[in-house]
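full-length UniProt numbering puts the first residue of the sequence shown at 1, with every later residue one more than the last.
Heads up, simulated DSSO-like pairs for lysine-lysine below, C-alpha to C-alpha not over 27 Å straight-line: (1) 82 <-> 99; (2) 60 <-> 15; (3) 137 <-> 124.
Label-pair ranges, simulated between beta-carbon atoms: (4) 27 <-> 70: 31 to 41 Å; (5) 81 <-> 21: 21 to 31 Å; (6) 114 <-> 82: 23 to 33 Å; (7) 44 <-> 70: 44 to 54 Å.
Hints are computed from structural coordinates only; laboratory data are not their basis.
For each residue, glycine too, the CB sits at the ideal point set by N, CA and C.
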Amino acid sequence: MQEINVNSKFGIGEKVYTIWNRSIGFTCPICNGDGAFLHKGYKVKCTYCHGSGNVFTHGKMWQVDEEPMTVGSMKISIGTDKKQSIAYTLNNAKKHKRKRPERYCFSTIEEAQECCDILNMEIKESVENEIKIIQSKYNTIKEDKVCKEE
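Could you build the full structure based on these sequences and the hints that come with them?
Below is the structure:
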């Protein structure tokens, strides 16, 4: 039997801060966040945001989970190439469990925020462009609507 050494960043019972990504949304420009609008006296569900009042981009922004979590257990996977990956099962004060890969776990909230800032820089430009495209589509729709009403 071969001995395998595993080097993990954290041990059972240690406190960690995690990061996660969330969808980026903004208020629907068609219905102004109402999810519906009046058309010829009838309230109509907005088809642009599907009635949610929000429009989401394809990008996701990283953010820090500000509540520290405690490592409850860890799962170690080792491939034939001897590379290892570690995932932690984390518990918070409310007894919620989350599974996070080691690369998304940090000793301090500052380290976690620094990682988010780096990851978000890569995403920011593409998301800003996507929002501009969505808003330009809205302006075209709005102009068409005004022209048809005249």
